[in-house]
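Protein chains in written order, with the numbering used here: chain A, 1 to 183; chain B, 1 to 183; chain C, 1 to 183; chain D, 1 to 183.
It is worth saying that the hints were derived from the structure and are not from the lab.
No experiment lies behind these values; they were computed from the predicted model shown.
For every residue, glycine included, the Cβ atom is placed at its ideal position computed from N, Cα and C.
Worth double-checking, as some hints may not be accurate.
[Unchecked claim] Computed list of chain A residues with no C-beta within reach of chain D, every gap over 10 Å: (1) Phe19; (2) Ser28; (3) Ile61; (4) His79; (5) Glu93; (6) Ser97; (7) Ala105; (8) Leu182.
[Claimed, not checked] Label pairs and their computed distance ranges (CB to CB): (9) C:Ser108 to A:Ala23: 33 to 41 Å; (10) C:Asn20 to D:Ala105: 20 to 28 Å; (11) C:Thr9 to A:Gln104: 49 to 57 Å; (12) B:Thr21 to D:Thr21: 51 to 59 Å.
There are 4 protein chains.
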Amino acid sequence: MTQTTPFPTAPELMVSEWFNTGAPITLSGLRGKIVVIEAFQMLCPGCVSHGLPQAQQIHDIFPRDQVAVLGLHTVFEHHDAMRPVSLKAFIHEYRLSFPIGVDQAGHSSMPKTMEAYAMRGTPSLIVIDRLGRLRAKHFGRAGDMEVAYQIASLMEFGAAAPQEDGETKETGPKCDEDGCALR
Amino acid sequence: MTQTTPFPTAPELMVSEWFNTGAPITLSGLRGKIVVIEAFQMLCPGCVSHGLPQAQQIHDIFPRDQVAVLGLHTVFEHHDAMRPVSLKAFIHEYRLSFPIGVDQAGHSSMPKTMEAYAMRGTPSLIVIDRLGRLRAKHFGRAGDMEVAYQIASLMEFGAAAPQEDGETKETGPKCDEDGCALR
Amino acid sequence: MTQTTPFPTAPELMVSEWFNTGAPITLSGLRGKIVVIEAFQMLCPGCVSHGLPQAQQIHDIFPRDQVAVLGLHTVFEHHDAMRPVSLKAFIHEYRLSFPIGVDQAGHSSMPKTMEAYAMRGTPSLIVIDRLGRLRAKHFGRAGDMEVAYQIASLMEFGAAAPQEDGETKETGPKCDEDGCALR
Amino acid sequence: MTQTTPFPTAPELMVSEWFNTGAPITLSGLRGKIVVIEAFQMLCPGCVSHGLPQAQQIHDIFPRDQVAVLGLHTVFEHHDAMRPVSLKAFIHEYRLSFPIGVDQAGHSSMPKTMEAYAMRGTPSLIVIDRLGRLRAKHFGRAGDMEVAYQIASLMEFGAAAPQEDGETKETGPKCDEDGCALR
């Protein structure tokens, strides 16, 4: 599905409670940054095994003055099983460090922000550009390299381009599972 | 290790034989593109399990008019075991589709290009910018997302930025290992 | 740590609520079978990523007239976050099909069965022989092959030994990621 | 495919050269032990990623006085690429420690032992019981737990049953990727 150009403005977040942040977060307040939203449910296996680790990696690797990663707990089933008290422990045990909001309950089983974005389920990865426009919406498993390329393509690189040199890893003599070193 | 600025010019490739290309390839001929070189040995476990699959992914995901991926067979041990006849079958069985050159034998056990780049072993991932300058040199396992970010940071994005929208995957009703879909 | 011989009798289960079974289960009622107990917490990452999938595999592969697999929800932290209403949804979403009991709350933060077995945390894998004796207690990650060997070593094999012949998988012509077929 | 009962006698090995053993090995010399044969090609991706690591695990976990693990290099394509000189380096780099034989060249592209067993490709996992009878023949990917159960089902367990107790792993305080420990 290709969206029409020009890109639509991303709907504002409707969040009832935040974790990992001192103050509520709005998309309008993040204008000028790329925003990556990981929409998830804490009992969704695919969110746990790849969606959330991927979001945490984006948070860890991309420069935070240019890319803001947010989690959004979009519960659309088993509501009683995924209350904020459970989510709070989940965030702690899985060591998620980016801000995570609870999507506001709506009139249907689907919460409000999830409905505004017409998401199809969890995990969904949303990418918003510096002008607040919706640029990508993935449902299901998306590859790390593909996602990184998509986000980077919206960044501005200038003199501040990473100097990414250096040796990633020292290994011992000969081959181990990571590589073969000169002796 | 941080390299000195300004970035040094990447040494030219010294290759005795090419696979997956109709004509020999030179770095000078690729000026204007970012060049990613995966230096490997076909019997190096870490090259097989992550270095080469990562290079293949870069080749598959990044636009080829901007990023050129090359393999370089830098044999520095077990020379008799990794002759070009074996490499050719290896490339076929592992379905590698990017151009791969055999690094020229040198005076020591280390081949010439490997020595010119002062590589520490295999796999090594080299990134060269559009001006032919050496920008990154990884030894061992490098993360997909980190590498993708580094390469993308050297690209030029303009009106041609990817429109990366659409749904990555349809899943059936309810949760499977990839995600949870709305019913 | 090697336990003293003769093997001690495994303490009886103390369970407040069962899932995936029509009637409460007791170890004494399972005498004559090998019993494998997977003690877990639904918000413990290692339980989700390997302990529970391993228990499900044992349930799927071993003959059920000889080996009984049980889950035991041994919550010792974040009690409010892992109530039975949340556990029920968790069991559903992760498609666990073996019987799972909720370990009875005790006087400390540790539940009663967990305390009786002196478990050190979750996941813990307990193996009990046909005579009701405690034979193995693993804490943390245990290898699939090692665990399978341990369980099998307690079984009786006779004329009913599996005839495990046949072809595991058809693959297409040539090599794919699973293997290389004759053409 | 279900094989006819009674189980057929496994054909003797026809091997031109051995690695990792001081003397040639025959099935008749191993009578009384269960024999597991991993038939592979060094350039077969599925053999490298799962067949050979699985065989190494069987060698590491099962008692060697009861279970003998053998590798068999059954080259049926790219013969020039997988000569013994290359195999020797492969065995070294992948740290395979069980005996490995080179299947004798035959009249067709298929080597002799491979033909005698009517294997369908690589990796193939063959299981032979203590009486020298062929009991299992897997082609492609076979699960670790399933294979371990099949081998164990052919063993004799008595007073020597493993006492498999003890703690598999110490973890630090709280949860890490392997588990959650009591504080």
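Going through the hints against the structure:
1. Distance check for phenylalanine 19 (chain A) against chain D: the nearest CB is about 17 Å away, which clears 10 Å, and the non-interface claim stands.
2. At roughly 36 Å, the least C-beta separation between serine 28 (chain A) and chain D is larger than 10 Å, which holds for a residue marked as non-interface.
3. No beta-carbon of chain D is positioned within 10 Å of the beta-carbon of isoleucine 61 (chain A); the least distance is around 19 Å.
4. Taking the minimum C-beta to C-beta distance to chain D, about 25 Å, the non-interface status of histidine 79 (chain A) holds against the 10 Å cut.
5. Not every CB of chain D lies more than 10 Å from the CB of glutamate 93 (chain A), the least distance being 5 Å, so the non-interface label is violated.
6. Under the 10 Å C-beta cut-off, the non-interface status given to serine 97 (chain A) relative to chain D holds; the minimum distance is some 15 Å.
7. Under the 10 Å C-beta cut-off, the non-interface status given to alanine 105 (chain A) relative to chain D holds; the minimum distance is some 29 Å.
8. Leucine 182 (chain A), annotated as away from the interface, keeps every beta carbon of chain D farther than 10 Å; the closest lies near 15 Å.
9. Against the hinted window of 33 to 41 Å, the Cβ-Cβ separation of serine 108 (chain C) and alanine 23 (chain A) comes to about 38 Å, which satisfies the hint.
10. At roughly 55 Å, the beta carbons of asparagine 20 (chain C) and alanine 105 (chain D) sit outside the given window of 20 to 28 Å.
11. Remark: the range hint 49 to 57 Å for threonine 9 (chain C) to glutamine 104 (chain A) is upheld by a beta-carbon distance near 54 Å.
12. The beta-carbon spacing between threonine 21 (chain B) and threonine 21 (chain D), approximately 43 Å, falls outside the hinted interval of 51 to 59 Å.
Hint check: violations occur at hints 5, 10, 12; the rest are consistent with the structure.
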